[in-house]
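Visitor: Please model the complete structure; the sequences and the hints are all you need to start from.
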Amino acid sequence: LAIPFLSLSLPSFHPCLPASGVRLEREREVREGEGAIVFQPSPQCCRRPRREKMMQEPWGAAGVGTRPCKSAPCSPLKPALPARADSFHTMHKVPLGDTPYVRAKRVQLVDKDPEKAIALFWAAINTGDRVDSALKDMAIVMKQQNRSEEAIEAIRSLRSRCSEQAQESLDNILLDLYKKCGRLDDQIALLKHKLHLIQQGMAFNGKRTKTARSQGRKFQVSVEQEATRLLGNLGWALMQQDNFAEAEAAYRRALLIGPDNNKMCNLGICLMKQGRVGEARETLKRVRPAMTDGPRGVDSHLKAFERAQEMLCDLEESKTTGDDGRGEGDQRWPSGIFFPGSSSSSS
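Position 241, counted from 1, in the sequence shown is what full-length UniProt numbering calls 241; the numbers after and before it change by one each time, with no gaps.
I should point out that these hints are in silico values taken from the structure, not numbers from a laboratory.
Some hints could be false.
[As the list claims (entries may be wrong)] Straight-line alpha carbon distances no greater than 30 Å define the calculated DSS-like cross-link-like pairs of lysine-lysine that follow:
(1) K143 x K180
(2) K303 x K319
(3) K210 x K319
(4) K303 x K143
(5) K285 x K303
(6) K136 x K210
(7) K210 x K93
(8) K93 x K180
(9) K112 x K93
(10) K143 x K218
(11) K93 x K136
(12) K218 x K93
(13) K143 x K93
(14) K285 x K218
(15) K136 x K116
Guide: Below, the structure is given as structure tokens:
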């Protein structure tokens, strides 16, 4: 039997066949009607993965977003998105809405215009829109703009409009402002007031712990940790007033709650300032060189320890030359040697 020659009467670019197996010249050798079978591709034939279709497309018909070279085809290139002007973290901090407080927050964080933000925070407070947050944020921006005295007066005059839950945060902001302005009397009075609240069980709104922030991270603070932090700050402020006896008492109370290398070093300085060099030496010997002091990590006290040791060596040398470390010899160490903030490891 004569079997007619079979041919596929298909265009060479049909996507269902590989380009290497289709030649237009051979298809035209056999005419339709001479036994040729016309191939009708079924719909299932064209249902292939997207990558297979791309592999069989002619090189000259590169679509938009594909590479026009004759190398191995790949996925279409995605158009580059324009960079956002504001980082995710900045935008994440801006609350939603169009209230006076939200507008002030957007100007502060997005527009980076602190003076305009202060005016808008004032407007939010006057309209009663989130007064707690508006007053705290305004005071912080004022401090950054070296307007700490204005921030102090604003908190003092407007804190009565804030809720009871916001009073503790306002006190903490006031402590920083007092410290920056050098208002030691106000700072000491407020520290003693906060310690009294802890003693009466009224701190943290009656709770045993609170959530604090440091360098963008949240962590839990217990009442005991807050007490030792406040006592350390009180001891430092008292040392600035040369009230070393009360400063010593504050540091000893803090160390009874829990060990802290920074406070131990400052206690040694208090003792040296009172001429009790032997006690200071024994105190510094109790400083442990590898201890984690709060969120600042391991050995955060090293600078304080080195200065205390230098002071101890100077006092011992002066003793051998006839100076007992008191009187005029005491004036060699200015108040700056007490390294502000070293005792407040949690602040």
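Visitor: Taking the hints in turn, state whether each one holds.
Guide: Results of checking the hints against the structure:
1. The suggested pairing of K143 with K180 holds, with an alpha-carbon distance near 9 Å, which does not exceed 30 Å.
2. Our distance criterion of 30 Å between C-alpha atoms is met by K303 and K319, whose separation comes to about 25 Å.
3. Distance restraint check for K210 and K319: the Cα-Cα separation of roughly 48 Å exceeds the 30 Å cut-off, and the hinted pair is therefore not satisfied.
4. As the CA atoms of K303 and K143 are separated by approximately 27 Å, the hinted pair is consistent with the 30 Å bound.
5. Proximity of K285 to K303 is assessed by CA-CA distance (about 15 Å); at most 30 Å being required, the pair is judged to hold.
6. Between K136 and K210 the CA atoms are separated by roughly 18 Å; this keeps the pair inside 30 Å, and the hint holds.
7. Of the supplied pair hints, the one linking K210 and K93 holds, its CA atoms being roughly 21 Å apart against a limit of 30 Å.
8. Annotation: proposed proximity of K93 to K180 holds, straight-line Cα distance about 27 Å (limit 30 Å).
9. Proximity of K112 to K93 is assessed by CA-CA distance (about 13 Å); at most 30 Å being required, the pair is judged to hold.
10. At roughly 23 Å between alpha-carbon atoms, K143 and K218 fall within 30 Å of each other, so this suggested pair holds.
11. Of the supplied pair hints, the one linking K93 and K136 holds, its CA atoms being roughly 15 Å apart against a limit of 30 Å.
12. Restraint check for K218 and K93: satisfied, since their Cα atoms lie roughly 15 Å apart, inside the 30 Å limit.
13. For the given pair, K143 sits about 20 Å from K93 by alpha-carbon distance, which is consistent with the 30 Å threshold.
14. For a cut-off of 30 Å, the pair hint linking K285 to K218 is broken: about 34 Å separates their Cα positions.
15. For a cut-off of 30 Å, the pair hint linking K136 to K116 stands: about 16 Å separates their Cα positions.
Hint check: violations occur at hints 3, 14; the rest are consistent with the structure.
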